[in-house]
Every structure is written in C-alpha cells, then in structure tokens.
Amino acid sequence: MWNTVSKGTAAVERAVKQYLPPCQEQCPINEDIQRTNVLISLLPDDPETAAPAILQIGDYLYDKNPFFSVCGYVCGLCELECNYHAKGGAIKRRLLKRFISDTYIPHLETREEWSLIKHKENVAIVGGGPAGLMAGFDLSRRGYRVTIFEASDRLGGALWLIPRYRLPERVLTSTLEGMVRMVGMDVRLNTRIGQGKWTLEKLRNEGFKAIFIAQGTPTPRTLTFGRNQVEGQDLSGVMYGQTFLYEVSHGNIRPNYFTGKKVLVIGGGNVAFDVARTARRLGGETSIVALECEDKASRDGIPADVEEIRGAWEEGIRIIYSRGVEKIIGESERMKGLVCPRCVRVYDEKGFNPAFDPADTLVLDGDVLIVTVGQGPDWTALQEEGLVDGHGRLAVDPVTLQSRNRKPVFVGGDLRKIGFMVEAMQDGLVAAESIERYLQDRDMTEGRKRVFEVQDIPMRRHYLTEPEVVWIPPEKRMHFQLFERGFTLTEAIEEARRCLACGPCISCKACVSIGLRDSLNPAEVLTDRCCGCGICVSACFYSAIQLKDVDMGRISLTDAFKCKSCGMCVSSCPSGARTLGEDALEAALMTAAAGLQNSPGAVP
Amino acid sequence: MGYEPKLVCFSCKFGWGYLRDLDGPKEASVFLIPVECSGKLDAIHLLKVFKEGADGVLILACEEGHCHFQEGNFRALKMLYLLEEVLWAHGIQKERVRIAFSLDPEGRGIPDRIVQMKNSLAALGPLDRALL
Amino acid sequence: MGEKPKIAICWLGACGGCDEAVVDLNEGLLEVAEAVSIELWPVAMDFKYDHLRNFGKNELAVGLVSGHVRNSEHEEVAHLLRERCRIIIGLGTCACFGGTPAMANLISREEILDTVYVKAPSVVNPLGKLPQPETEWEGETLVLPEFMDHVYALNQVISVDYFIPGCPPPPELIKNGIRAVLTDDLPPKGSTLAPRKALCETCARNKTKPIRLEIHGPIRRIHEVEADPEICFLAEGILCMGPATRTGCGETCIKTNIPCRGCFGPTPGITDPGSRFISSLAALLKVGTTGDPEAVMASIGDPVGYLYRFTHPVSTLGERCLRKATEETP
Amino acid sequence: MSQRITINPITRLEGHGKIEIFLDEQGEVRDAFWQVVELRGFERFCVGRPAEEMTRIAPNICGVCPSAHHMAASKALDALYGVAPTPTAKLLRELEFNAFIIEDHYIHFFFLAAPDFILGPDASPAERNILGVIGSLGQEIGKQVIDIRKRNRDIIRLLFSKAPHPEGGLPGGVPRGIAEEDRKTLMATADDSVNFALFALDLFKKEVLGKKALKDLILSDAYALDTYSMALVDENDRVSFYDGTVKVIGPDGREFVRFHPDDYLDHIAEWVEPWTTIKFCFLKQLGWKGLVEGDDTSLYRVAPLARLNVASGMATPLAQKEYDLFFETLGEPPVPHTLAMHWARLICALQAAERNQSIVRDPLLTSRDIRNMNLKLTRKGVGCVEAPRGTLFHHYETDERGILTRVNLIVATQNNAGPICLSIKKAARAFVRGPDVKEGFLNRVEMAFRAYDPCLACATHSLPGGIPLVVNLRDASGALIRTLTRD
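Protein chains in written order, with the working numbering: chain V, 42 to 645; chain E, 25 to 156; chain A, 540 to 869; chain U, 289 to 775.
Errors might be hidden in some of the hints.
Below, simulated DSSO-like cross-link-like pairs (lysine-lysine); rule was C-alpha separation at most 27 Å, straight line [unchecked claim]: (1) 596/A x 728/A; (2) 589/V x 825/A; (3) 572/U x 668/A; (4) 658/A x 668/U; (5) 794/A x 128/V; (6) 75/E x 118/E; (7) 303/V x 377/V; (8) 664/U x 500/U; (9) 128/V x 337/V; (10) 118/E x 596/A; (11) 658/A x 577/U; (12) 794/A x 378/U.
To be clear, the hints were calculated from the coordinates, so they are not data collected in a lab.
Quick caveat: nothing in here was measured; it's all calculated off a predicted structure.
All chains, please: the whole structure from these sequences, using the hints.
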C-alpha cells in the first residue's frame, strides 16, 4: 500500500551549506517542493488508491505550510525561478498544490487536532492575517499559549480581498478554521488594539510575555497628483478598491451591481485587476487606468502579473496605460469623469516620482471610480505605542523583526513591508523563532541568515513542453466560480513527472520515503584507482563531479550535495574507481547468477 | 516442448511496478532485478548474466523524456547498441536483449511482457554457447 | 648457497616479442646474466627441454613465462615450469590476458583451419588436407600437439604469482621484476609489477582536456583524421583505450600521435576492461537532440576488435579456466 | 631395427618446431621431417577488423620481425586507399625499415648464428649462446653489438612508438614527423651502423671464412641446395628492401619470371602437409612437385642469399664491393650454399646502413608534410616488402566501410619452408649415423634451418604451438630407448 514515511532516514535534512532547487530557494518558507512533486509523480493512477496517498502528501505539506491549500490557488512565486522556465515552461507547481488541496480540504475539516502541551509563556498576536496566524501556529506547536486579537469579525485579513473566482471561499475558511483548531489557538475577534481599550501595556499586564503585531495595511491610500490630494474623491460614486473587495467578500454587494454603469479603476497592481475583474463580473463596463506603461520589462512597467492582464483583457476590460488622474469631474455631487494627463515617467533615481505631459490630456467619463493605488498601515496606533523612529518609520530589526524600541514587541507582515501572502507568512515564522529566542533569552541573530546556492538545470536531450492550462472561455466567466480548470489525477502525475527534481537528494528523499530506495549515499571515489580521465564528469547529468589536481595527481571529486546517487558515474568509470557503497544491484545479480546456474530450463 | 528459456529482467524502479511489491510469484526461470535506473546498468552486468546461463535479457526502462535521472534510459539504449556487435560476436543474437520504454507504475504489464519475451526466446531456441 | 639463482625464460603461445624485450635490456642483460644462471631460453640458448625436467621442485628461483596457452604442449610446459619455479611471472600481455591472437577465440578452430589451409586464395590443397595430431609415414607416426579450441591466459592454466603486462613489456619493468624477485621485495602474490592507475594519469594530453569530455557525432577513425598532437584523442572523437588501460608503457603510442589500444590490460580490480569501457563510451558519446544513437554507436565500426584486442580470454564472456581444482589460486 | 631421432624443440630461432629423423637398420637416415607446430589464425580473426588497424594487429604476428609486417601492412593500406605516401613519409618509412633490417640481421647473426661459428658447432650447449659469444669475442665487442642494435631500434621507437611491435602506419603517411634536433643522433647512428657492418663482415671473413673447417662446412654438399630464388629488385635490378618488383631466377641462374607484387597470386601458391602447420610455398606455374631440388623442383628460396643471387648487384657502393667478393669466393650466382646466407645477411645489413646514411642527410626528412589525405577506398590492396627473412605479402580486401572481409598473408619464412625441409634432410643424411649420435651432429642438423633465420611465428601466423626441441631416440617399434639430454 502506498505509504510515505517522513521520519528517520526519510526525513529531509536541515540545510546547512547546501544547494536547493531554485523553486525552494525562491519560496520564502522553503517549502519541500521537490519532495512533494516527486511524491505526486509516484502516485497510483487510479483515484481510489490515490486518495489516501494524496492525503499523506497533504499532511506532509500541512506540517510545514498550513496555508498550502490557499497557496495552491494564489501563489506562483516558485514558478518564476523554476529551471524549466528556459527550456519548455516552468513546472505548474501551484496547480499541483491546488490538486492536492482539492482532496485535502474536506479531510482537513474533520482532521483531529494535535494534542499539544502548552507549557510555555503566553504570547499575544495582534492581527489575524497570514503573518499573525502563521506565527501563532508555529508558536503553539512550540508549546506557547497563543491568543490572537483580530480587529474585524473574522480571521484571514487581506486574504479576503482575493476574489472568489481565484480563491474559493471554502478553501480559505477551512484553512483558517483548521489552523486555529489544529493547534488550539485562543482567538478574540472584534478587538482592535491601539484605540484606548486595548494597549500593548494592557496586554503586558494581562500576562502576555511577547507580542507580535501584524495588523496588515487596512487603510487604502488616497489619490494624489503631484504634492496634493486630487479633489473630488469625496464625490458619490468614488470608492476605494480595498473596501470594495472587502464588501464583496462579505456578500454585501448584490450581483450585477454595476450593470449599465461605466466603471473606472485606478491602479496597475494585482489588486487593481482583482477589483476590475470583480467589477466586470458585477456587470460593469470596466476600464483600468494605470500610471505604468505596458512593457512589463521596463522600470516603469505595469506590476500586475501577465496572467491577470491577459485574463482582464479577455474579459473585455479596457486597459489604459501611462495615464495619471489630475482631476475628478463631478456634477451635482456625483462623479462624472476624469482628467487624465499622460505619464512620461513613473520612477526616477529617488523612487516613485511621476512626471506628466500636461499637453496630452485625456478626458474619460464614468459613473463609478474605484481607487486602488495601494494601502498603508494604521500609523496612529503605531505612534501611540512608540514603535516608530524619528523619521516616522517603523523601528524594527529586519532580521529578527524585533521592535528596536520595545524588546517584547515584534512586528511583521504587510504592516512592515507590503508583499505576497507567503512573504507575510515568512515574517510570521521569523517572528515566532525570534519570540522563542527572546523568551528563552538566547542570541537573537545567530544562524538566522542562511544563503542557499541554486542547483542549475540538469542536462538532458529532450526537455518536455509545459501542459496547457485551460481557462473557461471569457464569455462564460461572468460569475465568481473558478475560471481555471485544475489538474486531474493523471495530469497531475504527468506534470509532477516532468519536474526535473534538480535539487540535491538530502533536501528531498521522496524515493526513500515511499520505500523505492533505501539509501542515498553519494558516489564515493577510490582515489587510488582514479586516474583523472574525466569520463565520470560527462556521465553525470547533474554536474556533481569535477576534476581536481591534488598531490597524488588529478582525481575526480563528487559534490555530495549535488549527487543523486543514481550510479551513472559508477557504471561509466573504466577503472571501477567509483562506488555507491553496498549496492543492491550487485547483490541481486549474485542471487540471479546462482539461480541461473542451477535452475532447470536445460535443453531437452 | 521442454525448452524453458531463462530470462533476466531488469526493471527501473521509477517507472515500473513501484506500486506493487515486485517479488510476486517466483517463476523458476525468470529473474526480476529492480534497479534505480536503467542507465545504471553496466555492460558487464548483462554479459555476466548471459555467461551464467541466461538465454535473454529484458530491460524495462522509463519512457523517453521521463527518466527521473534525466537520461538514464537513453544511456541504457546507447549501451545496448554498443553491446549488439559484442553479443553477436559471441553467438548471442541481438533479439535476445530487448529494451522497452514505457511507464507502468502498477507493473500490470510486466507479466505479459515477460511472457512475450520468453516466447520470442523460445522461438530462437536454446542459446548456442559454443563461444561462451 | 653461493651458486647463482637459476631462472627460466620460456615462451608458450607467443610471437617472441617478449623475448626480444628481454634482449632489449641491452647492457642490463649482461648484468642479469651475471646475477643469475639462465637455465632455459629457447630463442637464444640451446638448453633442451629435458634439461629443465632434471630440476627438482621449486629449484629455480623464477620462471619468466610469456605467451598464452593454446595447445596440449603449452599446457604441459606450463605445468612443468610451475612445478620447478618458486615464482612464476606472467611476462607480457599474452601471458597475462591472452593477447591479440586470442581474438581467435571468437572463431571456431575448424573455421580457422578451413580458412588457412583450404579457403585461402593462394592455397592449393585439392584433397583439403589439414594438419593432423597424428600422421602415418612408412610405419612411423608424426605427432603434432593437439590444438585446443580456446586460447587461455596463463593464470587460467597454472597459478601465476606476478604479472608484467605490455605488448611488448617495457624492458625496465622486466628488469625491476627480476630485481624484485632476486631481492625478494615483492608485493602480495597475484599483483601486477607495474603502475596501478590508468593511462590518463600520466598522459600529457590529459591536462589540456575540456572539463566535460564529450564526443559529439560519429567516432573518427585514425586514417581519416590528422590528430592534433596536443589534444586528448577522445576529446576529438577518436577512440582511445587509455582510460581503461593500465599505465607504465610511457605512452609511446600517444607520443607518436596514435591512440592507445589497451595492450597493458586492465587496472587493479578490473578483470574485463573491454566490457567496462562499453559503459564509458555510452556516457561519452553524446548523440545530441536530433542525432540517431544507432548510427553514432555504429560509427565505432568494430567494437569487438577495439574492446577485446588484447584481453578476450579474461573478458566476461571469453573467460574459461583449464586449471584443475587442486591448483591453489594466488 | 630402424631408429627415430626427434629434436624437439629446435632452438635459436623464432618460433616453435621440432625435427624427426628416421634411421634404417644400417643407421642411415631414411628421412627427416621438420615439423612446425604453430597456428594462430590471423588471416581469419582479422576479418571484421577495420583495415587501418592492421598496422597495429599484424606486427603481433611476430615479435622478432614486427616491423616487416607493420611496413607490409602500411603499404597494403596505401594500395587499399589508392594513395601514395608523401615523399617525407616514404623517407621516414625507409629510414625505419632499414634500421629494422640492420638490427634484425645482427640479432640473428650475433645472437642466434654466431654461437655455431665463434664457439663451433660442437661446443657444449651451455656455452653455445650469446653469452658464450660475448665471452669469446670480449665484452667490448659484445657491448658494440648491443649498442648498435639499441640505437637502430631507437629509430624504430622514435617513428612508430615501439620496438618490437611498431604501430601507427597509416595509408599515405606516417603518424609523426622528425624534428631537426633528431637529425644529429640519426646521423651518428647511421654512420656507426656502416662502420659496424664493415667490422661484422671482417669478423665473418676472419672467424668463419678464415677457419678451414667452417669454410669447408659452408662449401660442403650437405649444405648445398639447388632451387629457384626469389627477391625484390629495384628499377635497375639491384637488391631492394622497401619497394620494387619481384624477380625469380631458376636453379641455372636464368630469369624465370618478374612480376608486380599485386599479381603474387598468379605466381605463388601454398601446399599443405598434414604433419606440419606451415604451408609450403611453390611456383604456381610449375605446380607442386614435392620436396625435391634440382631442375624439376618448383620450390624457391628467399632471404639474403636469394637476394644476392637474383639481383645483378647491390644498390650501394660498399655493399657492391662485398657482393663482388662474395661471388669471387663462392662461384657464379646462383650460389647454392645455404650457410652462405649468413654472409649475404651481413652484406644486406651493410646496404641498409649505407642507404640510411643518405636518408638521414636528406633535407626532406624533417618536413611536416607527412600525411597524404586524399584517400579513395579501392576495397583491395596488396603490400609487399623484402623482410629480413624474405619476401612478405599482405593482401587485404574490405567492404565499403573499410572493414576487412579477407586477409591473405604470404610470410617470409613460408617461402623457405620447402627448402628448409630439404636442407634439414640433407644435413641429417650427412651427419647422423647409427644409434649413438653425438649432440654436436644434431646441432649441425639445426644449423641447416638456422641459416634461413626462420621465423615460425610468422610462417604460421595462424596458431601458436610447439615446445622447445627435445631429443628422443626410439627403436623401430617406437619404444623410447634413450632420451638425449644436453647438460
């Protein structure tokens, strides 16, 4: 029966100085991508027997990344660095995780929580978003008693801004609810820290020995032109992207809310595209006005993902590039249109400093304006709690996330630096580690910064082209169901098989975990036999071998981190100077030889 | 027909029957040797097997482009092409060594591939060992 | 025992090249002649075979035996020498591995006789007569040794204590071998009195080799190509057996700009260098995305001729043993 | 009661063989058989090999005259690929071949033949060898012999990697050239070789011709044989080693036939006897007439004596002088005296040395133009050289990829196989009588084949075999009466 073990020899070894596959090095939480890809590739191909196996893979993923199901729908950071990019298309890692989560979510909902002994200090987490939850999850596993203070009426924070057509609600709710239940975190909803009632001081008195602030960036940024605010933002029909998406996620916006209306969305990021494609699905004739230009490669290129742009374009959303908003034209307190000068430059050496060509101005008319130009943290609370430095910026150590002003306080997530969901989760994990070190009075920075070298693409003759991802045709997408079709079992296995597993064995060990192989010792060189001919160098597809001139002459050396102990170099060595230690093949041959000699089958 | 050809079958663990423990029913004259990768096979492994009494060798390798170790299957193919003339010089017809490129996780196809190979070996008759 | 130690230099199935190599000790031969008394050396001395029979068991210090074993008299002489020499040194590639003539193992004895004595274009042999073990002539019988149908390396017939490979074995190796026996500073029995690593260890061309040694496209044969004297043959797609062959010959062939053919035999721990090299070639020959592997592999033309040129009797398929069970192996 | 004497193995030659002598009741020799026991099958197992590898496989036929096979193979490849070697390549080949002729003739004369002359045929076997020769001629001369041989073999090693078993002959060229600095040592070697050749000839005249017993032995009827003679001659009918046409003269000295090596099959044929592995060459047009000499024989002799008999002179001046003295002493060609081969051998070595003297001074020697690359496979090629032991033919046929489909070799000593048998028979009849046979007399029988400098490994190039000479005396019923041991 298919069974993957993750203890003992099959456990992934903690990376010391090590090569990692580029996807894992790129992933902020270094998820075991290669291992789980290989495990998926070894799944049985009929659904019944595959299901329990998929759950085992899910459990393995969940153990290190409880958000993996959500990642499977929204994050594709690892795919950007995949070695296969240049040779046939990156491996569709996100869809592979989504495939696992489709089976895993129901299992998670009924999964029995871990019995953890909470014998350590109380820790308060301010903010129930990905950063806070991740920190709480990790600290609870370490035995801390964690309480999460969430300002709104539900956990999840900015994740709720992701539209349903990209992230199904059940996946998000089950994941959030599952995390709390699995580690038994105490959650206090509708409790905002920082406005009188709850202060950090109060938390300290309540017995919380460490506090992790991750409130995210709730306040949307207003529209500015040059130094000053664009007037007319208070007209009716003008709203801000965040709040709009927030309301949609709460179900407060009835379908075809914008039917017959012309909607203008300001902004060039992914959130702006979420807003536009949501508005389009609500019936609005939607256009995006972006400050940035069309060429993504240039410095002033539009930041939104290529897939988002393509999706929006397919769904009939007009995209107007390199346009700023100088004035909002209003008529009897209602928004009627925009005055949009051409933007000739977005950034200069000093940073964001747009410049416009007033001669080339475009007037756009529209009934609704949704401003989605980014969001910022709630500065007042931070000032009150004394967490900012002289220049009004957050005073926090970037490596340990510890506040410079108040030692027990740690800050992370979008609040600290706007980024992807997985970067916020990374902050959560870093903060958890720092909190434990702080509470255990250990050195805060030792061994924290670890740099991994990236394994380059292994050599082969044929590189396979990527599978084509199927989207529902644009005309049928005007709803909030998923528009992207996930992998079937066979497709998942096929794509997982395409993964080159280019990382070293010790950070994978998938084949050991399912008992396909029992040992992974790297190839060993018998230096008294090696003459330095270099045939093994060209036999190795992972460039794990190099020749080196030592005192006894030129000999070959194996880089234990890169070696896959596949045995290609062993069989190619003319002097028999390479071995894999005791090799099952030789033993099997001996028994076969004995068998052949005395087995019947003699000539009649 | 008394002649029962003796067959050794090397199968790649990453492509064939890893989902079923392979040491199924033991046929006296068939020896199944799973290996991590067909590319790991050395010419001497095959020659030794013929020398010890095998009448044929079947290598079950992964499908083109699907080798877990990149090109082990292609390595095995190249080795077999080189081996052909050496085998023929010793009276071993090249039909006695066959390599199949496919994926069969359950190993459902292995038994009848073995039967198929044994039939073709039976057709060739016992191996003339004059030069072995 | 003031008397000089006795040695025998004898050839079985040989071409005399190894004896020429002993003569090539030049002045060294005179030194050897001073140090020992040569009791048998058919090519140069008239000691007849009976002379050897008169010696007692292990009375001779060392027997330098060249040549493989191909007929009944070789076998008889081999055992004769084994009994009388304390140490037997297999001299030259024929004794150690079978040598070039052992390629006859791939052809049946009958076919050889048929080709040489009947089918050869210059032969006039109406009655198809072949050499016979016994021929009657006016009441007398003329005897020829009985030809085995296989060429055996020496240690497949008698236990051989040390090996000096090479075709021919370089004179310095022979001299060192004899000195080692006489001064009794010898490595463990069964070892080869020559360097332990393959040719690339000492070959000057190994330094200029590209990091990834790859042969793209077909193998090029030596007459089709003007090889660059500085660059590794394999790097230029020319077959060279250097990596699979023990060094010690001084790479004279490579210095004469022709690739090695493996006459020094395998390195320690390897018994079948030819078959081992098949896998090495499979690794070296990169066929490229569009190339046809079968055509590239076929470009070698005669794998058997290159791989088993000197070592067929010790190869995996070619290996047979004539030794009686009682013989202890070294 | 007829007797049988076996000399087994025969020694001081290359290869394995034995002699069976049968006596009648009066102790007279009824007949004697020279049996060669080697057979390897090069002609068969070289089929399937790439033709260009023959310059590396063929030398393994014989360790004493590998350069001959290497050169014949190189020339066969030239013919096979329809390409002529560049002038420099031809010079380098001749340089190596002459150096080989010199060192090979001297190893025979000093190592294998001299013991019978310097120490005398009746010397005890223990001394009758090179060590004995050096003992009697003195270390100085011994060292000179060793040195001249070493330096000529160094030429072979310089050009073709190894001696024995030179390698690397290529169609239309040689694998490496010679640098200008090498020329100095080559010149020294060539000049010293000429001086040594003259010294060797003086030694022969003093030590052999000077001794009446030996001179009578040479002139005696026991060592005389009337057969045809064959050798390679150059365009002006002079002795030639590397190249030329094949000329055959009859027992009466008249030219019988002259042919280009490519047509060897029309003139040379091989006969098979069941009691020996060697094949006996005979002149095809005359047909096999058995092991007989005189006017109705079809056997012919090759190697040094035949060269002098066949050619109208030597190709170099000093050698020509010796050639004239040779015939003044031994009578008009064709000289039948088998032992005179030793003298002829030294004269040939002199010519080779003189020829090298001019080659090493040739400006073309050190040019880089050593390969003629426009090869056109003609699928058939015959290469012929005058090997030290006689005319050698290599005949290759290949498929369209240059892989050998047929290999036929007529090897030097094979040409002499019949005459050797006859010489042994005559010597046995002359020297062996009655039950008690002195060892020295058996040695005189062996001297009959030693003169030919036979190379049995070559001659049989087919299968190795045979053990050194053992002398058994059997009575008529074949029961062993006495084993002659030589100690």
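Here is what the structure says about each hint:
{"no.": "1", "hint": "596/A x 728/A", "in the structure": "19 Å, holds"}
{"no.": "2", "hint": "589/V x 825/A", "in the structure": "23 Å, holds"}
{"no.": "3", "hint": "572/U x 668/A", "in the structure": "18 Å, holds"}
{"no.": "4", "hint": "658/A x 668/U", "in the structure": "18 Å, holds"}
{"no.": "5", "hint": "794/A x 128/V", "in the structure": "43 Å, violated"}
{"no.": "6", "hint": "75/E x 118/E", "in the structure": "15 Å, holds"}
{"no.": "7", "hint": "303/V x 377/V", "in the structure": "10 Å, holds"}
{"no.": "8", "hint": "664/U x 500/U", "in the structure": "59 Å, violated"}
{"no.": "9", "hint": "128/V x 337/V", "in the structure": "21 Å, holds"}
{"no.": "10", "hint": "118/E x 596/A", "in the structure": "50 Å, violated"}
{"no.": "11", "hint": "658/A x 577/U", "in the structure": "21 Å, holds"}
{"no.": "12", "hint": "794/A x 378/U", "in the structure": "20 Å, holds"}
Checked against the numbered hints given earlier, this structure breaks hints 5, 8 and 10; the rest are met.
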